[in-house]
Structures are given as C-alpha cells and as structure tokens.
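Colleague: Top line first, the protein sequences correspond to chains W and D. Under this note's numbering, the letters of the first sequence match residues 1 to 166, in that order. Under this note's numbering, the letters of the second sequence match residues 1 to 147, in that order.
Derived by calculation from the structure, the hints in this document are not laboratory data. Here a beta-carbon is modelled for each residue, glycine too, at the ideal position from N, C-alpha and C. One should not assume that every hint holds.
For lysine to aspartate or glutamate, the following DMTMM-like pairs were computed, each having C-alpha atoms within a straight-line distance of at most 20 Å [to be verified]: (1) W:K45 - D:E136; (2) D:K76 - W:D41; (3) W:K158 - W:E103; (4) W:K160 - D:E136; (5) W:K155 - W:E138; (6) W:K152 - D:E58; (7) W:K158 - D:E136; (8) W:K155 - D:E58; (9) W:K158 - D:D134; (10) W:K155 - W:E127; (11) D:K131 - W:E138; (12) W:K158 - D:D109; (13) W:K156 - D:E58; (14) D:K145 - W:D41; (15) W:K45 - D:E102.
Covered stretches of chain W, as calculated for chain D (at least 3 residues, CB under 8 Å) [said to hold, decoys possible]: (16) 27-37; (17) 135-142.
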Amino acid sequence: MKLSSEPPEEIRLNMTAMIDIVFQLLVFFIMTFKVVAMEGDFTVKMPLASVNQEESMEDDFPTVINVSLASGANGIIQSIIVDDDATFSDPNTMYAQLTKVIEEKLAGEGNPEEGKETEVEFDIAPELKYRYTVQAIERVSGKILPDGSVKKLIKKIKFKDNSGGA
Amino acid sequence: MPKFAKKKSSEILEGDLTPMIDMTFQLIAFFMLLINFSEVDRAEEISLPSSVLAIPPETRPDYQIILNLEPGGSVKFQGEAVPTIDGMGPIFRQEINSANREGVSNPGDIAVVIRSHQDTPTGLVQRLISKCQDSELQSFSLRVKNQ
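The whole structure should be built from the sequences, with the hints applied where relevant.
Modeller: So this is what it looks like as structure tokens:
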C-alpha cells in the first residue's frame, strides 16, 4: 500500500462571524452594566396585635425602651426623648447621647434572662423626615468602636402606630 | 520616466487572534456574572438614607416584596407606580396568592423590603407598614444605602 507523501493541508476556520457576535455581546453587556451602591437592611418586626400578645406572654414581657422623636419645621428633628426622663435637643450631640443612654440602660440590666431581650419602641412624629428616623434606628442598633469593630446594642425594634397622623 | 518596481503578489496578513479572543471571552464572562436583571424592583430615583451599620442581606428570603416609597406617598412596585398607599391592598393580595403558589403559605413569612426616599415623612412609611399589616404581612426590612 502506498502512503501519500504530501504534507497535510492546514485547516483554517473563518473566525470573522464568531468575533462579530462576541463583540456584539461584549458591547451589550458593557452598555447594560450599572454600578449599584451596596444596600443594607434594618429589620423591623411588626407582628399583628393578636400574635403580639401571644409572643409577649411567651417572651415573659421583654424590657421596652421608649424613644420619641419630635419633629420641628420642615420635618427636621427637634428632640429625642428616651423613656420620658431624658431629653436631647442639641442637633450635634443628640444621636450620640441616645446611643449613650441605650448603652447605660443595657449595662444596668446586666445579662438579660433567656428570652427576655430588650427592645426599643419608637414613637415618631409623622412629619419627621425618614432620614432622621433611620439615623435614630442606627444609633440604637449599635455603635462603631475606635478599633473599627461594631458593638451591637438593640436587635428588636418596633414602631408605635402613628400612621393615622400622617 | 521612473521605472516602477514590479508589483509583488499581495499576501494575506493574518495576526494571531487567540489572545484577543481570550480576553474578549473573559470580559463577557465578567459582565455576564455582574449583570443584574432584578433592577426593575428598585427605583433608581429614590435616594435612600445612608447608614454604616445596616447589614446587607446574606440570604435571599423565600419570597420578598420590594416597595419603593416616594416622598409624595406614591409607591413604585415592580416598575409600576401606585399613586396612593391605600391602593396597595389588591397588589398585596395578589402577591400573597403568588407566594402561596410558590410554597410560602404564611403571609408572615413574606419579607417586605421598604425602600423609602430619605425625605419621605416617616408617617407615610408607618402607614405603608400598617397597610401591609392589614394583609397580614409582618416581616419588614428598612433598606438603606450602605456607606
């Protein structure tokens, strides 16, 4: 049997069509790409009234800290009142003072019994701008320590129902 | 008269396209992984309040409803604007039925994510929560921009 001595032919694929499609895909993804800022959540538990009663009995009445946020003109925060016995109205320090009072109250309770966790109930003026509310929620949720770590304070946050006044 | 050099037969110049194709495929893979088709849920015109302590959600809940609340009280849900909070009732019922079909039978297990503009009066946020509670929704997250 005689073998062919000719060198094998080089097979060449036409890449043009594939490159065209690939570039179209690339352009599509580049055009639709959008840089989105990171978002986070504050969890608020708002159980229904009947469920709330059952849970309260199970939880052996958790300690509740009442925080009132009062609004001034144009929905700007005017004062923060904690448990009707501490009022802060200096806009530069009121949030820091709120954190301090919450810390003191938690420290005063020592180690809470199992299932008896402290919660904060916010009573917020309906016209108060949402940004001030979030700032207050942030300040009772925790604080950033000098080393950059986060000290958690309150986990359970509730709103007093002021929805009818808006 | 100058004598022109005899024209040589033209050769097809072929560069090596392999690195370019490699890079292009890598770019496509990169953009494909980062593309987010759920943009319709979040209204970009809403300026969220910012916080350093808000926790980015680690796991996606079994079923979630994202409500975008504007300062005037209109709610944007899945790209459609509902002019008043009171008009959200039928949408909530529809979503509860939809969650039920997907195996979330208890409305209390549906996660309601509220994306409210930072200048919205808090009373409107509370009214929206109250409206959700009328439909037995109980689990709420207030979404903020993470600094």
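Colleague: Determine for every hint whether it applies to the structure shown.
Modeller: Taking the hints in turn, this is what the structure says about them:
no., hint, result
1, W:K45 - D:E136, "holds (13 Å)"
2, D:K76 - W:D41, "holds (19 Å)"
3, W:K158 - W:E103, "holds (18 Å)"
4, W:K160 - D:E136, "holds (17 Å)"
5, W:K155 - W:E138, "holds (11 Å)"
6, W:K152 - D:E58, "holds (18 Å)"
7, W:K158 - D:E136, "holds (16 Å)"
8, W:K155 - D:E58, "holds (17 Å)"
9, W:K158 - D:D134, "holds (17 Å)"
10, W:K155 - W:E127, "violated (25 Å)"
11, D:K131 - W:E138, "violated (24 Å)"
12, W:K158 - D:D109, "holds (17 Å)"
13, W:K156 - D:E58, "holds (19 Å)"
14, D:K145 - W:D41, "holds (9 Å)"
15, W:K45 - D:E102, "violated (23 Å)"
16, 27-37, "holds (count 7)"
17, 135-142, "holds (count 5)"
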